[in-house]
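*Asks:* Chain by chain, the residues run as shown.
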Amino acid sequence: MSSATGQKPVTEDLAREFGLTAEEYGNVLSIMGRTPSLTELGIFSVMWSEHCSYKSSRVWLRTLPTTAPWVIHGPGENAGVVDIGQGLAAIFKMESHNHPSFIEPYQGAATGVGGILRDVFTMGARPVANLNALRFGSPENPQTRRIVDGVVRGIGGYGNCVGVPTVGGEINFHPAYDGNPLVNAMTVGIARQDRIFLSAAAGIGNPVVYVGSKTGRDGIHGATMSSSEFDEDALAKRPTVQVGDPFVEKLLIEACLELMATDAIVAIQDMGAAGLTSSSVEMAGKGGVGIDLDLDAVPQRERGMTAYEMMLSESQERMLIVIHPDRTELARAIFEKWELDFAIIGHLTDTGHIVVRHQGRVEADIPLDPLADQAPLYRRPTAPSPEPAPLGPITDPVGIEQALIRLIGCPDLASRAWVWNQYDSTVGGQTVKRPGAADAAIVKVEGTSLGLALTTDCTPRYCRADARQGGAQAVAEAWRNIVATGARPLAVTDNLNFGSPEKPEVMGQFVAAIEGMGEACRALDFPVVSGNVSLYNETRAPDGSSVSILPTPAIGGLGVLDDVNRAIGLAMPDEGTLVLVGATRGELGQSLWLREIHGREDGAPPAIDLAAERRNGDFVRQQIEGGHVLACHDVSDGGILVALAEMAMAGEAGCILSAPQSGMRPEAFWFGEDQSRYVVAVRDAGAFTVAATAAGVETRVLGQVGGDGLTLPSGATISKARLKAVNSAFFPALMDD
Amino acid sequence: MKAGIVVFPGTNRERDMAIALRVVTGREPVMIWHGETDLPDLDLVVLPGGFSYGDYLRCGAMAAHAPIMPAIRRFAEAGGHILGVCNGFQILTEAGLLPGALLRNGALRFLSQDCHLRVERNDTPFTRRWNAGDVFRAPMAHGDGNYIADDATIRELEDSGRIAFRYSRPDGRVDEGDRQTNPNGSVKAIAGVLSANLRICGMMPHPEDLVDPLMGGEDGKPLFEGLVEALVR
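As you go down the protein sequences, you meet chains A and B in turn.
The UniProt record's numbering applies: residue 1 is where the first sequence begins, and numbers increase by one.
The UniProt record's numbering applies: residue 1 is where the second sequence begins, and numbers increase by one.
The set of hints was computed from the structure by calculation and includes no laboratory data.
Small disclaimer: the values here were computed from a predicted structure and weren't measured.
Note that the Cβ used here is the ideal one computed from N, Cα and C, for glycine as well.
One thing to keep in mind: the hints can contain errors.
[To be verified] Computed list of lysine to any residue pairs in SDA-like fashion (alpha-carbon distance at most 20 angstroms, straight line):
#1 Lys-221(B) - Gly-447(A)
#2 Lys-337(A) - Leu-39(B)
#3 Lys-337(A) - Gly-35(B)
#4 Lys-337(A) - Met-69(B)
#5 Lys-337(A) - Glu-36(B)
[Claimed, not checked] Negatives, chain A to chain B, calculated, CB over 10 angstroms:
#6 Asn-27
#7 Gly-85
#8 Tyr-378
#9 Gly-428
#10 Val-564
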């Protein structure tokens, strides 16, 4: 790219090639009062890209609730920070690496993990858990296998090596993700509340230090690529994908944490999307200072790199630190111990400009205030999605037993063990509930009694049918999954994956989903503290038209247990009565049963009553805290019978079920996806239901723990061996492994 | 028992090991940086898991030449006790302190799952708290745990009882050809081996990650308890 663009004069055409509209370029000209240099144009184009500027989403993101007494830092820092007690904070965020993961699945996913880790440890936290929310195309699509294989290897390859356990996440398959998979990676870290590091630069004259890997020509314009639609040349963009080195990341984590234990750091930020440009511009901009960079001092992997290339490189595993001048030698010694590059590449100024020098020339000189303040902000047109048509009468062509077998073997419900078993989930020695053992992963906070409950959730098919309901449901399901372990939900991070914002119907989905999320966050006291937006998730249909992904507002939820010993899982215990918490109307619209048995994705998604959600969840959590619950599993995809089957497969015992609710078709009762429900196993069902009634919570006894399989009300028993065989078949068959 | 844990760049299970040693010994182990050239006065040296030097070149190959290694070799020659787990086992084979090598897993994928290990003899400091034939559970988490050695070496290991642990079914049955039972495809389902003097033990699975009922069990604890019994001064 350098040799080509290096020759080109800066023109409106080149600006368009860099992703700037004519109007945006006009704005650049008026800010600069002259034609910008190539490096300056590069800086403007990445800072004003969708990826860095959130220009289409910002007005809507502001409507989300972001505060609570336990929120220490909400959106705006590298990650969200919440108080978990005992003077400690959990620091977490989720971020997408969608486009790179299609182009080069291994590196795309690996560097997604690396990037989100840096967002968390840059704030002073030791990363303690990774999760990931993955969406792949249809299993029948010949590309899917390649992408699943690469993404899973990439996540494992990076996470396993840095020694952060991968403890949870979710996977869906849908043809809408053909050619545009979603890879959303989440990291959670722990820091002392009095040792949290922010990114606002301060102290005129303070040195600006570059640490980590050397800068190469990889990932140039990655942020711009992420901000545009894919076309048939997508695979030709492979050179814009960065290459990760988890070994260097591991060293960087240890070196940064060692430096953070001293008083050397003024401000610190990782070099993520748009690398040196975004880190320097954002740090100086937030601090209200200027910054001078001398690119001759930047550690370089290749010879002859231009200023443009260095400013736009997205080489991985690099950090920018503003440091106290009398601590530079102390800092240098730490990074040399870890065999990492350490270079003073500039200093803070009072000019309010970013000035970039290279080989004796000023390559860029941009006023920072207008670069930030005059960044484009769009209130793009929205169009409502059509109301889903009512479902109409539905028959049950296969019966309960056959339907269950088909559901637990289907791609969205099949065992994920093949995937999890490639992720180190125990390193660190703090993993209390591994993947699949509970509705949320439980990680102990080392040296304390605290536990974190972690989950990611979204039901994209609900979001497509009704984005507002779907947005609310994603938040509610994350909250529910945390509650089901006995933890207190605290806050969420979001990863909003949508199609092109230039399509009014996509923008309509986006706005509606945010409204629904906001309602649920408010109703559940579950604020958004960090997040990421990924737009332009589009692929070409065979007829050349552009196809958007399903709206996918993935929610990463975090909760805390004051006493981690009280966490419960979903495995069927040896004894007890199974009780359903929450009301059942038998909602089959957009259910997996409808999709797997009838091949239809129709109807309205299940309604969600946020007051009932809160009431039911608070009741369940109190019962768990009181020690009255042996196991708990939320009812989600596939309904009650799938939840029971999952409990049986995870545990030693089976269950013997009673007749379903009278006046309701059996398939609607067993497979309906009504919200705000839990299946609990309790020793004393009488006391439990009395307490529920007192709390205004509807319950219903489903049956007894016992036997070796699922014994249906008809008397037929599906053995656990059969359930497991069906459930575990999908991934090995897909991957031919 | 005074234990030291060697930390190489890329080591990542040193904290797990420290927790296990602290739980069992009641004392804080010493962390030893790879750049040191001398060991403090120790009863046990542990090489923990991780990806030393990124596993570049070959797992453990570069760590085997780290500045600390001559001191570890001297420690071994003087009859010192050494435990190498996962990457630590790989380093011990690369350093020639244990025979054999660890290849990529048979399925060519990283494997993170619980496995069952059968204790082959109980007259060593590492296994004395078990009976021969006992089976315990341990998490495994590695991409390169497929143990191999030439036939003569395997025969010698078998004949001299230098196989510490084998992958087995929960009932103790060993089936080298079964992927469920012997997940990484190791020759003779070997999961851990001993030096000729029985004072150096290398193993792929992680007993240190199962020393607390909260984390799923205490199956790994007897290994550390046995070392304390044998090595306490």
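*Asks:* The structure should be examined with respect to each hint, and the outcome stated for every one.
*Replies:* Going through the hints against the structure:
In summary, the hint linking Lys-221(B) to Gly-447(A) is supported, as the alpha carbons are separated by about 19 angstroms, within the 20 angstroms threshold. Straight-line distance between C-alpha atoms of Lys-337(A) and Leu-39(B) comes to about 19 angstroms, which keeps the hinted pair within the 20 angstroms bound. A threshold of 20 angstroms between alpha carbons decides the hint, and for Lys-337(A) with Gly-35(B) the separation of about 9 angstroms falls inside it, so the pair holds. Straight-line distance between C-alpha atoms of Lys-337(A) and Met-69(B) comes to about 18 angstroms, which keeps the hinted pair within the 20 angstroms bound.
The hinted pair formed by Lys-337(A) and Glu-36(B) meets the criterion: a straight-line CA distance of about 12 angstroms does not exceed 20 angstroms. Every CB of chain B is more than 10 angstroms from the CB of Asn-27(A) (nearest about 45 angstroms), matching its label as outside the interface. Its beta-carbon lying about 18 angstroms from the closest one in chain B, Gly-85(A) satisfies the requirement of being farther than 10 angstroms from that chain. No beta-carbon of chain B comes within 10 angstroms of the beta-carbon of Tyr-378(A); the shortest separation is about 43 angstroms.
The beta carbon of Gly-428(A) sits about 6 angstroms from the closest Cβ of chain B, which is not more than 10 angstroms, so the claim that it is off the interface is violated. Distance to chain B contradicts Val-564(A) as a non-interface residue, since its nearest Cβ pair spans about 7 angstroms, not more than 10 angstroms.
The structure fails to meet hints 9, 10 from the earlier list, while all remaining hints are met.
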